[in-house]
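Chains as they are written, first to last, in the numbering used here: chain G, -18 to 269; chain U, 38 to 382; chain B, 4 to 409; chain V, 952 to 1189.
Each hint should be verified, as a subset may be incorrect.
Below, a list of computed lysine to any residue pairs in the SDA-like style, where the Cα atoms sit at most 25 Å apart [stated by the list, open to error]: (1) B:Lys216 with G:Thr109; (2) B:Lys125 with U:Thr190; (3) U:Lys162 with G:Lys263; (4) U:Lys346 with U:Ser222; (5) U:Lys318 with G:Leu89; (6) G:Lys263 with U:Leu144; (7) U:Lys226 with V:Ile1081; (8) U:Lys176 with B:Gln408; (9) B:Lys123 with U:Pro205; (10) U:Lys176 with B:Val97; (11) B:Lys264 with G:Thr36; (12) G:Lys14 with U:Leu144; (13) U:Lys318 with B:Gln119; (14) U:Lys176 with B:Asp401; (15) G:Lys263 with V:Leu1005; (16) G:Lys263 with U:Asp146; (17) U:Lys346 with G:His67; (18) U:Lys226 with V:Gln1063; (19) U:Lys226 with V:Gly1079; (20) B:Lys247 with G:His67; (21) B:Lys357 with U:Gly187; (22) B:Lys247 with B:Glu371; (23) U:Lys162 with G:Met240; (24) B:Lys216 with G:Phe120.
These are computed hints drawn from the structure, not numbers from a lab.
Each chain, written out:
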Amino acid sequence: MDLVFVIIVEMLYAVASLVLISAGLAIVFGMMKIINLAHGEFMMMGGYVTITAVTLGANVFVAMLIIAPVVVGLIGLVVERLVIRHLYGRLVDTMLATWGLSLFFIGLATMIFGNTTTGISTPISGFTVGNYQVNGYNFFIILIAIVLLGLMYAVLKGTRLGLIARGAMQLPDMAAALGYSPERIYMATFFCGSALSGLAGAILAPLVGLVPTSGGAYIAKAFITVIAGGPSLITGLMASSGLFGFISQIFTFAVSPVMGEVALLVAAVVLLRLLPQGVTGKFFRGRL
Amino acid sequence: MASFWAKEVPATIIVAALLIWIMPMMIGTYTLTVLLIYGMLGFSLGLIWGFGGILCFGQAAFFGLGAYTYAIAAINIGDSTIPMLLAVLVPAAFAALLGAMMFYGRLTDVYLGVITLVVTLILFKFISSTAGPEYVIGKARLGGFNGIPGFQTLNVPGRPNDYIYGDPYFYFCAVLLLIVYLLVSWLLKSSFGRVAVGIRENEVRVALMGYDVSARKTVLFAIGAAIAGLAGGLFANWGEIVTPNLFSLGQSAEIIIWCIVGGLGTRIGPIVGAAGLAYLKFLLGQQSMIDNTLLTGIILVLFVLFLPKGLVPAIASLWRISFGQRRQLPRHGARRIRSGGARHG
Amino acid sequence: MSINRRHFLASAAAATGAIMLPRAVMAADTIKLGSVLDVSGIFDAYGKPMDMAMRLAVSQINAAGGLLGKQVEVVGYDTQSDMALYSQYAQQLVREDKVDVVHGGILSASREAIRQTLHKNKTLYFYNVLYEGGVCDRNIFINGVTPAQQAEALVPYAMGKSGKKVYIVAADYNYGQITARWLQKFVADNGGETVGVDFFPLDVSDFGSTIAKIQTAGADLVIAPLVGGAHLSFFRQWAAAGMKDRIALASTTMGVGNEHKVLTAEEGNGIMVAYNYSQELDTPENAAFKEAWVAAGGDAGGMHELAVSNYHGVLTWAEGVRIAGTLERDAVVEALETGVSITGPGGKVTVDPKTHHAVLDVHLMEVENQGMRVVETLPQRQPIDTQAVCDLGANPDDNTQYEIQI
Amino acid sequence: MAEIVLETAGLTMRFGGVVATDNVDFKLRAGELRCLIGPNGAGKSTFFKCVTGLLTPTGGQVFMRGHETTGWNPRQVAALGVGIKTQVPNLMDGLDVHENIWMAARRFLPMQDAMRKASEVIERLALGPIARTELGRLAHGERQRVELGLVVAGDPWLVLLDEPAAGMSADDVERMSDIIREMTRTAAVVIVEHDMQFIRSIASTVTVFHQGAVLMEDHVDRVMADPTVRNVYLGKKA
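Please take these sequences and the hints and turn them into a complete structure.
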C-alpha cells in the first residue's frame, strides 16, 4: 500500500516535471510557431543563476521563483532582439539559429562556471510514508506545476493580454488589426517563455548535478512533449505530459530506467504516426 | 544529359584528381581521410535536405548504423567486403522502413524532425546501454558506451590479411567519394532527381500530377541513408573503433551545420562545409583559449542570420557578379543560386 | 585565465610549429611528451586537472635538469570530448610530431581509440585513469586503480559498518558493469547478499523510482559506482529523500572528479569510498604536490584522483627513461618491467611487470565536510583482476582487453 | 451518346453538424464542358474536392470512366489521366516554366518525348518568352496559365479546374477561355467558377449549387435567365 502511494507520487512528479520543462517551449511554439532549441540552455542558465544567487546569500526560494525567471527572461529578450526577430516565419532557420545559440550558451557557461558539476541542496526535507522515505521536494514540484498551469489558464482566459495572445495565436495579423504591434507581442511572449524555462531550470537545480551541458537532457523531452501535445497550449501540454510521464514511470518501475526512457520515445513515435498533428490536433480541439 | 557525360563528368574527375594529388601535400592523409568521410556524410544530408526538402534531424543514426553494422559484421565474418556492403544496405533498409512510416503517414517539417530526432535518441540510448555481456550479435559484443574496438579493417576482397590502410585508404575513400558524387549528380539529372526537386518545391502539385510522392521520398531518404551508412562504414575503418557517440544528437547537429554553412541545394556545398568545419575543429583542438563549442555556436548563428544560403552559393554569386555577363545582371542578380545547372538538362 | 593563456601560447606555438615547419627543422633536441585529453567538452572536469597535473610534472622534471640532459616538451591536444579527435590526434602525435611517449585518454573508449595506433607505431603509451581493468598490451602502462583493488578493500569495510544486504546502482557501461560484478563477488565472499543491481545510462538524472526500489528491497548498504554530472543527482536525491540516515552509502567513483566538493556537507557526509588519492592525505609528498600545484596557478582544491594518476604516470615514465638511459621504446619498457617504483602524492606506486598495471596504496575513506577523511590505508594492493588474465612475461605479444570472468 | 467519364451518386460531405454537400448526383460525358456555380458556401468547392480526392466524402460514390474512385487520394486520381488545378495556385516556384511543364509530361511519357511535349505545350500556351523563368518570379496571370499548361501536358481525358480565371485581367481571361475550348477537343472539363463573364465566353452548360445540393442544370444563358437562380445567387450579388 505504501509502495503504491510512492509509485503514484513518483508518477505525478514525472508528469509535473515534464510540464515544467516543456511549458516555456510550449508558449514560444504555440504563440510564435518557433521552436527554441536553446530552451534547454535557458533552463541550464536558470539553474546557474539560482546557484549563484544562493551562494551570494539570497533566499533559495526567492532565487528560484523570482531571480532566475527574471534574469533568464531578460537574456531571452536580448536573444529575441538580436537574433530571433530577424527570423520570424522561417521555422527551420529559427531552429538552426537557436541550435547555434544553445552551443554558444554552453560554451559561455563553460567559460564562466567551468565544467565542474555544481548544485545546491534541496530546501525541503524528505519524510516518511509507512516504510518508505519520500523526497519532499517532489511535492513542491507537483505544486508548482499545478500553479503554473492554473496561472497560464487564468492569464490566457481571463486577461486582456491573454485575449490578444490568443488572437495572435489564431491569426498573426489579428493583433495588428486590433492595433497592437505584433513585434511587441512577440517580445513579450519570448520573454515569458524564456522566464518559464529559467524557472523550470531553477526549480530542478536542487535535484540534479548542474553542468553547462545539462540542457541537452531536457530539450529533446520538451520538444517531443510540445509537438505531441499539438496546437492547444494548456490541454496539449497536460495531455502529452500526462501520457509520457505515466508510460515512462510504468516502465521505469517494471523494467529499468533505460526502458522508461525508451518507452517514452517509442510512445512519441507511435503517437505522432497515429496523430500527426499531436493529441489536441485530434481531440479536445479548440480548447486552450 | 549529353553535356553531363561530355563535360561535367570529365571536368569533375579532373578537378578531383588534382585535389587528391595536391591536398596530401598540405594536410596529413590520415586527417584528410576523415575529412572526406565527413564530406560524404554531409553530402548524404545535402542530398535529401537540399534536393528532396526532407530535413532529417537524425542523419547521424544512419551514419552510426553503418559504422556499427560494419563493425559487427566484420567481427563475425572476418573479411571486410560483405560488411562494407552491409554497412550500406542495412541503413538503407532501415531508412526505407522509417521513411515509409513517416511519408505514408504524411508527416512533414517539424513532425518529421521530431520523429527522426527521437529515432536517433532511441538508437543512442539503446546502444549506450548494451554494456552487459548479454548483448551479443554473433561473436560481437556491443560494448555499450565504450563501443566496439578491434574489428577486421578494410582488406583486399577475399584476402583478409592484405589490409588497405594509411595512404591507400585515403585514395580509396577519395575515389569512393568521387564515385558517389558522380552517381548522385547523375541521379539529380535523371527524371527521378528532377521530380525529387519538384517535390521539394511543391509536394501537392507533384502529387496532383499523379506522381507517388510518398514512395519517391522514401526512396530518396533511403539513398541518403545508404550514403551516410557508407560513410559510417568508412569511418569505422578509419577510427578502428565505433562508439555510441556516432549516434548522438551532437553528431546530427554537426551534419546539419555543415550543410547550412556549405550551402543547401548545391552538391559541393555540404561536402565543403563538412570538410572545412571538421578541419577547423581539428585546428581549434590545438589551442585552448576560446571554448570550441562557443565558437561553433557563433558560426552557426552568424550563418543563419547573414548567409542563410551558405558559402558555396555566396561565392558563386560573388563570382557571377564579378565575372558574369553584366548585361543580365538586373535579372540574374537577385535570382536564386542554382546548383551548377543541376536542375537543367 | 592566465593559465589558459599560457597554455594557449604554448600549444599554439607547438601547433603552428607542427603545421608550418618542414619536418627536418624540428630537430630532436628535446624529448617530446604527447598528451591527448578532453580539456573542453563534457569530460573536461576530468581532463582539465589532468592536463594541469601533467604539465606540473613535466615542469618539475625540467626544473630538475630534464631527462638524459634534455628538456621535456609537451605536445598537447584537446580532444574536446570527441572520440574521433582522439584517433586524429594520436595519428598526428605519431606521424607528424613523432613524440617519444603519449600520456592521455580518459574514457575507456578513448583509450581503445588510440591504443592500437600507438601499438602499431611502437609509441609508448601511458593510460593514467581508474578503469575497469583487463587491458593486456606490452606497449601500455596503466596506473589507475582497478575494480578489484577498490572493491576488495571497500566491500568488507562498508558491510562491516552497515549490514549484509547490499544494493548496487551502477553506471551502465563497461566500468560499471565490471565493477558491479566484482562488488557482487566480494559481497558474497564476505558472507553478504546482493539484493538488487540496477544500471543507469550516463544521462539518467532522475532516481526517485530507484530510491523507492532500494527501500522495497530492504537493503542495508548501497554501493554506487555512478559516473558523471547527471549521476551526481543520485547522491543529491538520496539525501533529499532523507535516506542518508537509514541506509549506508558507498561508492567506487564518487570523488574521482571532486564530486564530493559539489555536494553539500549534509549530502556527502558519511559516504564511504576507496581510492588511491585524497587531498586530505597527510604525507610530505602530498603536501609538496599541493604546494606546487597552487604555485603553478592551479585551483587549491582542484586536484583529484585522476589528476594525481596522470602525475604519477609522468613520474613513472620519467623514472623508466632514467633507468634505461635512452628513449628507445623497448629499453624503456624493459626498464619499467624491473618493477620501478615512484612515491607520489598518492603514496608508493610500483609497476607490476606481469600486467603493466600498478601496485599501489588504496585508502579507505569517508566523505566528511566536503573532504575525504582517510580511515585506513591498505598498502601496495595488487591489481588482482588483471593479473588473473594477463601475463605479459609469458605472452609479450598479447594485445587484448580481457573481460575478466569471475 | 458519349461515354460517361465522371459520375457521382449520392455524394455527401459532412463537417461535424454541417452538411456541405448533400446527396449530389452528377454526370459528365466525354467532350463536355461544365461549369459549377453557386454562392459562397453552396458546396461546389467541397464537391470539387471530394471528386479530386482532396477530401474523402462521408457518403456516396464517385466513378471515373466506370472505375469507382471514392476515397482515392489526388495522386491516384491524377494517375488515371485526370488533370487537376486547385483553387490556390500550386506550382513549383523554384523551377522554371519549362521544368514545371516537363515534369507533368514526364509522368506519362518517356524522357525525350516529355521534352518535346513540354516545348509543344509552351508554344501552344504562348509561354515561349518566359519558358526559362522561375515560377516564383512570374505575375499572377502567367502563373495561372502555367498551371493550365501543367494540366494540359498530361494529355488528360478529364480536366478539373477550380477557379482558373480568378484574379486575372480581361486579356488573360480571354486567352484562358481559348485554351479551355481547345482542351474540350480531347477532354471533358469541369470548372468551378465565379466569373460569369468568363463562363459566358466559354458558353458552357452550368450546374448551379445551392445549400449543398444541385439547384438546376442547363445552358448558361437559360440559367442566367432563371428567376430562382437569380434569386439565390445573382440576386444577392447585385
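| query | Given the hint that Lys162 (chain U) pairs with Lys263 (chain G), does the C-alpha gap stay at or below 25 Å? | reply | 30 Å, violated
- Item | Proposed proximity, Thr109 (chain G) with Lys216 (chain B) (alpha carbon, max 25 Å) | Holds, at roughly 15 Å.
Regarding the pair Lys14 (chain G) and Leu144 (chain U), is the alpha-carbon distance no greater than 25 Å?
Holds - the C-alpha atoms of Leu144 (chain U) and Lys14 (chain G) are around 17 Å apart, at most 25 Å.
Review point. Do the alpha carbons of Lys123 (chain B) and Pro205 (chain U) lie within 25 Å of each other, as the hint requires?
Key: 17 Å, holds
* Asked: Is the Cα-Cα distance between Lys264 (chain B) and Thr36 (chain G) 25 Å or less?
  -> 14 Å, holds
Pair hint outcome, Lys346 (chain U) versus Ser222 (chain U) [Cα-Cα no greater than 25 Å]:
20 Å, holds
Review point. Going straight from one Cα to the other, do Lys226 (chain U) and Ile1081 (chain V) come out at no more than 25 Å?
Key: 22 Å, holds
- request: For the pair supplied as a hint, Lys263 (chain G) and Leu144 (chain U), confirm whether the alpha-carbon distance does not exceed 25 Å.
  value: Holds, because 15 Å separates the two Cα atoms, which is no more than 25 Å.
- prompt: Do the alpha carbons of Lys216 (chain B) and Phe120 (chain G) lie within 25 Å of each other, as the hint requires?
  reply: 19 Å, holds
Q. Taking only the CA atoms, is the gap from Lys226 (chain U) to Gln1063 (chain V) under or equal to 25 Å?
A. 13 Å, holds
* Is the Cα-Cα distance between Lys125 (chain B) and Thr190 (chain U) 25 Å or less? -> Holds, at about 19 Å.
Holds or violated: Lys247 (chain B) and Glu371 (chain B), Cα atoms, limit 25 Å.
13 Å, holds
Going down the numbered hints, you'll see the structure goes against 3, 10 and 20, while the others check out.
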